[in-house]
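There are 4 protein chains.
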Amino acid sequence: MASQKMWAVVAGVGPGTGASVARRFAKNYAVALLARNPANYEDLVKEINSSGGRAIGISTDCSDKSSVNAAFDQLKKEDGFNGNLAAAIYNVGGTFIRKPFLEMTDEEFEMGWKTNGAVLPLLVETEKASPSNPPTLIFTSATAALRGGALFSSFATGKFAMRALSQSLAREFGPKGVHVVHAIIDGVIDIPRTKEWKFDAPDAKINPESIADSYWHVHAQPRTSFTYELDIRPYCEKW
Amino acid sequence: MASQKMWAVVAGVGPGTGASVARRFAKNYAVALLARNPANYEDLVKEINSSGGRAIGISTDCSDKSSVNAAFDQLKKEDGFNGNLAAAIYNVGGTFIRKPFLEMTDEEFEMGWKTNGAVLPLLVETEKASPSNPPTLIFTSATAALRGGALFSSFATGKFAMRALSQSLAREFGPKGVHVVHAIIDGVIDIPRTKEWKFDAPDAKINPESIADSYWHVHAQPRTSFTYELDIRPYCEKW
Amino acid sequence: MASQKMWAVVAGVGPGTGASVARRFAKNYAVALLARNPANYEDLVKEINSSGGRAIGISTDCSDKSSVNAAFDQLKKEDGFNGNLAAAIYNVGGTFIRKPFLEMTDEEFEMGWKTNGAVLPLLVETEKASPSNPPTLIFTSATAALRGGALFSSFATGKFAMRALSQSLAREFGPKGVHVVHAIIDGVIDIPRTKEWKFDAPDAKINPESIADSYWHVHAQPRTSFTYELDIRPYCEKW
Amino acid sequence: MASQKMWAVVAGVGPGTGASVARRFAKNYAVALLARNPANYEDLVKEINSSGGRAIGISTDCSDKSSVNAAFDQLKKEDGFNGNLAAAIYNVGGTFIRKPFLEMTDEEFEMGWKTNGAVLPLLVETEKASPSNPPTLIFTSATAALRGGALFSSFATGKFAMRALSQSLAREFGPKGVHVVHAIIDGVIDIPRTKEWKFDAPDAKINPESIADSYWHVHAQPRTSFTYELDIRPYCEKW
Numbered sequence: 001m002a003s004q005k006m007w008a009v010v011a012g013v014g015p016g017t018g019a020s021v022a023r024r025f026a027k028n029y030a031v032a033l034l035a036r037n038p039a040n041y042e043d044l045v046k047e048i049n050s051s052g053g054r055a056i057g058i059s060t061d062c063s064d065k066s067s068v069n070a071a072f073d074q075l076k077k078e079d080g081f082n083g084n085l086a087a088a089i090y091n092v093g094g095t096f097i098r099k100p101f102l103e104m105t106d107e108e109f110e111m112g113w114k115t116n117g118a119v120l121p122l123l124v125e126t127e128k129a130s131p132s133n134p135p136t137l138i139f140t141s142a143t144a145a146l147r148g149g150a151l152f153s154s155f156a157t158g159k160f161a162m163r164a165l166s167q168s169l170a171r172e173f174g175p176k177g178v179h180v181v182h183a184i185i186d187g188v189i190d191i192p193r194t195k196e197w198k199f200d201a202p203d204a205k206i207n208p209e210s211i212a213d214s215y216w217h218v219h220a221q222p223r224t225s226f227t228y229e230l231d232i233r234p235y236c237e238k239w
Numbered sequence: 001m002a003s004q005k006m007w008a009v010v011a012g013v014g015p016g017t018g019a020s021v022a023r024r025f026a027k028n029y030a031v032a033l034l035a036r037n038p039a040n041y042e043d044l045v046k047e048i049n050s051s052g053g054r055a056i057g058i059s060t061d062c063s064d065k066s067s068v069n070a071a072f073d074q075l076k077k078e079d080g081f082n083g084n085l086a087a088a089i090y091n092v093g094g095t096f097i098r099k100p101f102l103e104m105t106d107e108e109f110e111m112g113w114k115t116n117g118a119v120l121p122l123l124v125e126t127e128k129a130s131p132s133n134p135p136t137l138i139f140t141s142a143t144a145a146l147r148g149g150a151l152f153s154s155f156a157t158g159k160f161a162m163r164a165l166s167q168s169l170a171r172e173f174g175p176k177g178v179h180v181v182h183a184i185i186d187g188v189i190d191i192p193r194t195k196e197w198k199f200d201a202p203d204a205k206i207n208p209e210s211i212a213d214s215y216w217h218v219h220a221q222p223r224t225s226f227t228y229e230l231d232i233r234p235y236c237e238k239w
Numbered sequence: 001m002a003s004q005k006m007w008a009v010v011a012g013v014g015p016g017t018g019a020s021v022a023r024r025f026a027k028n029y030a031v032a033l034l035a036r037n038p039a040n041y042e043d044l045v046k047e048i049n050s051s052g053g054r055a056i057g058i059s060t061d062c063s064d065k066s067s068v069n070a071a072f073d074q075l076k077k078e079d080g081f082n083g084n085l086a087a088a089i090y091n092v093g094g095t096f097i098r099k100p101f102l103e104m105t106d107e108e109f110e111m112g113w114k115t116n117g118a119v120l121p122l123l124v125e126t127e128k129a130s131p132s133n134p135p136t137l138i139f140t141s142a143t144a145a146l147r148g149g150a151l152f153s154s155f156a157t158g159k160f161a162m163r164a165l166s167q168s169l170a171r172e173f174g175p176k177g178v179h180v181v182h183a184i185i186d187g188v189i190d191i192p193r194t195k196e197w198k199f200d201a202p203d204a205k206i207n208p209e210s211i212a213d214s215y216w217h218v219h220a221q222p223r224t225s226f227t228y229e230l231d232i233r234p235y236c237e238k239w
Numbered sequence: 001m002a003s004q005k006m007w008a009v010v011a012g013v014g015p016g017t018g019a020s021v022a023r024r025f026a027k028n029y030a031v032a033l034l035a036r037n038p039a040n041y042e043d044l045v046k047e048i049n050s051s052g053g054r055a056i057g058i059s060t061d062c063s064d065k066s067s068v069n070a071a072f073d074q075l076k077k078e079d080g081f082n083g084n085l086a087a088a089i090y091n092v093g094g095t096f097i098r099k100p101f102l103e104m105t106d107e108e109f110e111m112g113w114k115t116n117g118a119v120l121p122l123l124v125e126t127e128k129a130s131p132s133n134p135p136t137l138i139f140t141s142a143t144a145a146l147r148g149g150a151l152f153s154s155f156a157t158g159k160f161a162m163r164a165l166s167q168s169l170a171r172e173f174g175p176k177g178v179h180v181v182h183a184i185i186d187g188v189i190d191i192p193r194t195k196e197w198k199f200d201a202p203d204a205k206i207n208p209e210s211i212a213d214s215y216w217h218v219h220a221q222p223r224t225s226f227t228y229e230l231d232i233r234p235y236c237e238k239w
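Chains as they are written, first to last, in the UniProt record's numbering: chain S, 1 to 239; chain Y, 1 to 239; chain F, 1 to 239; chain X, 1 to 239.
Hint data in this document are derived by calculation from the structure and do not stem from the laboratory. Fair warning: this is a prediction, and the values are worked out from it, not measured in the lab. Do not take every clue at face value.
Claimed, not checked - The calculated lysine-lysine pairs, modelled on PhoX-like cross-linking and capped at a C-alpha distance of 20 angstroms, are:
{"no.": "1", "chain 1": "S", "residue 1": "K205", "chain 2": "Y", "residue 2": "K176"}
{"no.": "2", "chain 1": "X", "residue 1": "K195", "chain 2": "F", "residue 2": "K238"}
{"no.": "3", "chain 1": "Y", "residue 1": "K128", "chain 2": "Y", "residue 2": "K46"}
{"no.": "4", "chain 1": "F", "residue 1": "K176", "chain 2": "F", "residue 2": "K238"}
{"no.": "5", "chain 1": "F", "residue 1": "K77", "chain 2": "F", "residue 2": "K65"}
{"no.": "6", "chain 1": "X", "residue 1": "K176", "chain 2": "Y", "residue 2": "K238"}
{"no.": "7", "chain 1": "S", "residue 1": "K5", "chain 2": "S", "residue 2": "K76"}
{"no.": "8", "chain 1": "X", "residue 1": "K176", "chain 2": "F", "residue 2": "K176"}
{"no.": "9", "chain 1": "Y", "residue 1": "K128", "chain 2": "S", "residue 2": "K176"}
{"no.": "10", "chain 1": "Y", "residue 1": "K5", "chain 2": "Y", "residue 2": "K205"}
{"no.": "11", "chain 1": "F", "residue 1": "K238", "chain 2": "S", "residue 2": "K238"}
{"no.": "12", "chain 1": "F", "residue 1": "K76", "chain 2": "F", "residue 2": "K128"}
{"no.": "13", "chain 1": "Y", "residue 1": "K176", "chain 2": "S", "residue 2": "K238"}
{"no.": "14", "chain 1": "Y", "residue 1": "K238", "chain 2": "S", "residue 2": "K176"}
To be verified - Some chain X residues flagged as far from chain F (calculated, every beta-carbon gap over 12 angstroms):
{"no.": "15", "residue": "G14"}
{"no.": "16", "residue": "S63"}
{"no.": "17", "residue": "L75"}
{"no.": "18", "residue": "K77"}
{"no.": "19", "residue": "G80"}
{"no.": "20", "residue": "D190"}
{"no.": "21", "residue": "I211"}
Think of the CB as a built atom: it goes at the ideal place given N, C-alpha and C, for glycine as much as any other residue.
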């Protein structure tokens with residue numbers, strides 16, 4: 001697999017957005033799939049490897065800095081990894097907590113954004129080696145990044161913080177040629193877990209493959225024309 | 001040209017975004033190009049027609065409602081136009097006015113957004129006939145849609161108004177399957193007129209073909225996964 | 001009335017915010033009350049004049065530039081008006097239009113913000129004469145300034161435009177010492193017309209006197225500490 | 001001191017906003033001043049107590065939940081504290097960190113907002129006893145709450161998070177009659193530490209007493225007319 005020198009990392013792989021993004025980026029890159037529970041990536045790793053792509057899974061607690069650092073250390077030792085990271089998709093933190101502020105535990109109120117320190121130096125190095133293919137860091141976010149809510153103090157705080165971080169990083173690393181993207185996914189995603197959720201319209205859920213297509217589209221933008229922020233929602237979503 | 005039944009309208013065609021968008025959409029649709037001065041579309045109409053596409057130009061004052069209505073009346077009589085409008089791109093109002101509020105004339109302070117009434121019924125009808133290919137209305141906007149400025153009272157007022165209108169239309173017509181998009185173009189576009197403008201970086205201007213690619217990308221989104229707003233800027237732009 | 005040299009103009013006087021603001025500013029200034037229908041200010045003019053203040057009413061179509069200019073010409077000839085305008089409150093445009101975009105007439109979609117050209121030169125002159133008491137221009141706005149809605153394309157467009165204009169003016173005239181304020185009034189105001197509107201809570205409507213108190217508070221801020229934007233809503237309002 | 005039953009807590013007392021707010025609220029309430037270093041409140045406690053008010057200081061690490069809880073436990077045992085907390089001003093986290101993302105330590109990137117759990121139950125109880133005087137929780141924030149920046153990933157993340165939290169709390173506790181406010185202080189505050197900072201204009205710094213006046217103004221609003229967010233900046237500030 002000498003020709004497949006570029007890698008993408010997908011942090012937070014499950015049956016929804018993460019898996020679709022992994023499949024899409026695996027068409028062009030070797031992919032490293034990070035999730036706490038190997039059950040979340042094992043089948044997908046097999047599927048990609050058996051269909052001509054290359055994938056590895058690394059059990060990682062994405063809310064724990066040392067665990068993320070260990071995952072990147074493992075990636076760097078991977079056969080065929082030569083330091084070039086074309087894309088990283090941060091798809092973590094979707095645990096949707098809806099409860100009164102005074103009932104939340106500290107853990108529920110904490111967030112996992114402290115872990116981007118491992119990925120940015122790799123993206124900066126990649127850009128130096130391959131400026132025409134801008135390395136990309138994509139954050140999967142939510143409408144709560146724009147708007148707090150009565151029972152969403154934890155979720156909104158995490159997503160506002162993610163937007164602040166991604167916006168600051170876009171302004172700091174954009175001029176270095178690294179493309180940072182904040183994607184606001186606004187709606188229910190069409191995955192096995194939500195299969196039974198019914199709405200008035202039959203097609204009221206976001207297709208995760210469309211999210212993956214949009215992620216690939218922004219990744220493919222030349223550096224003259226970076227999108228920092230976009231939203232994705234079903235046509236019938238109230239917003 | 002029996003097979004090319006769908007049309008796209010590009011209002012505001014000049015040497016930049018409008019022309020690139022017209023070329024991109026002409027790969028899939030017949031295109032009607034609207035501009036006040038025929039010199040702005042004549043060569044492009046020839047180019048598209050001579051390279052296997054289909055294009056017509058209609059001289060239109062896009063800030064004048066009756067002129068826009070007349071343009072649509074002409075389009076409806078066009079041979080091969082059967083009422084199906086796949087996309088309309090509103091690329092008007094880019095005249096960038098930077099002057100103190102008290103020195104502006106009324107005309108400079110006025111805007112041309114009142115003209116969308118002609119296009120929406122066509123898009124709604126198209127959707128009924130072809131729901132799997134959602135008709136799309138794209139507004140070319142600017143950073144001034146998000147932020148007023150000391151000498152930008154006219155420009156910002158127009159762009160804020162465009163954002164309000166597009167956001168309201170997205171919420172009103174989205175549930176009908178019509179995709180409304182607000183695109184924030186933030187930076188100098190690389191066109192003949194800006195060729196001599198120099199920046200520190202050699203690639204500091206937005207490639208209008210990239211804008212066209214992003215417009216096509218959002219147009220191609222299925223209705224489960226609509227993007228309402230995205231921004232596009234050079235990697236080195238301060239924002 | 002030699003000691004009462006400063007004036008305030010309230011454009012858009014009716015039984016709600018305008019009247020309360022007029023009463024509050026009349027405690028310190030002579031006030032000119034503008035409304036199309038004299039019935040909207042006649043009683044209030046009498047009330048203020050008979051209780052030790054000074055008020056005049058000027059019949060004005062605040063959406064018509066020449067009518068507004070005529071009102072200011074009349075004010076300038078007023079006995080005791082020496083050019084010093086301490087405050088102007090623009091309380092116009094509250095006509096709340098809620099209807100589908102395609103059913104609106106042009107008139108309903110138009111707005112009346114083009115009329116601020118008469119007031120700003122007066123405020124600038126006042127500031128030169130009295131920098132320690134910064135002259136203030138306050139726009140009464142609404143939540144629709146921040147958010148479009150399915151049936152609010154006209155109302156939102158007008159309020160977004162008002163916000164763009166006020167924000168641009170704040171940035172242009174702030175450094176000249178003129179204080180420009182955008183007040184987002186979010187909720188039903190407690191006036192005779194809304195008396196029968198019932199909500200779950202008994203005190204669910206905004207007290208217009210509280211709005212007047214907040215307008216006075218921002219007017220009284222020294223120029224080291226200007227507020228540009230504030231919102232006001234009932235405690236039980238969903239937002 | 002039987003007549004002075006209501007208390008206010010000011011968390012984060014130093015020579016600037018905190019001290020001015022403490023003096024202003026001490027005109028009407030007993031005040032508890034929290035700061036890590038007693039040197040930050042000792043003189044102020046004496047000043048307030050010797051001029052007819054009542055103040056106590058409590059050494060508190062406001063970024064540490066157990067320290068904040070201990071401070072409130074101490075307050076509850078205070079002679080004359082009967083559970084009625086009229087206002088809490090959260091004036092913490094102003095340490096302005098400006099450095100590249102990759103050079104920050106974990107500590108610099110962490111924030112101290114996790115400590116509001118102690119104050120909200122007290123405010124809710126106070127509201128039940130005294131609904132006509134709505135208890136108020138005010139967050140002192142910054143422009144970075146609205147906008148990330150190249151070297152402000154930590155500061156912006158903290159302020160975005162503060163805005164998300166305050167907005168969520170306003171929506172959760174507003175209907176319970178508790179007034180939550182997010183104050184965006186945008187500019188250099190005029191305190192001894194900034195005395196030597198020179199600007200083009202002689203009055204380019206925010207007067208902390210004006211901040212205190214605005215905090216008092218929003219605290220005094222009736223619950224029919226709550227302001228959630230306001231900004232304060234010098235007239236000559238670029239924004």
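State the violated hints by number, sorted upward, taking the hints as numbered earlier in the document.
Checked against the structure, the hints that fail are numbers 2, 3, 4, 6, 8, 9, 10, 20 and 21, while the rest are satisfied.
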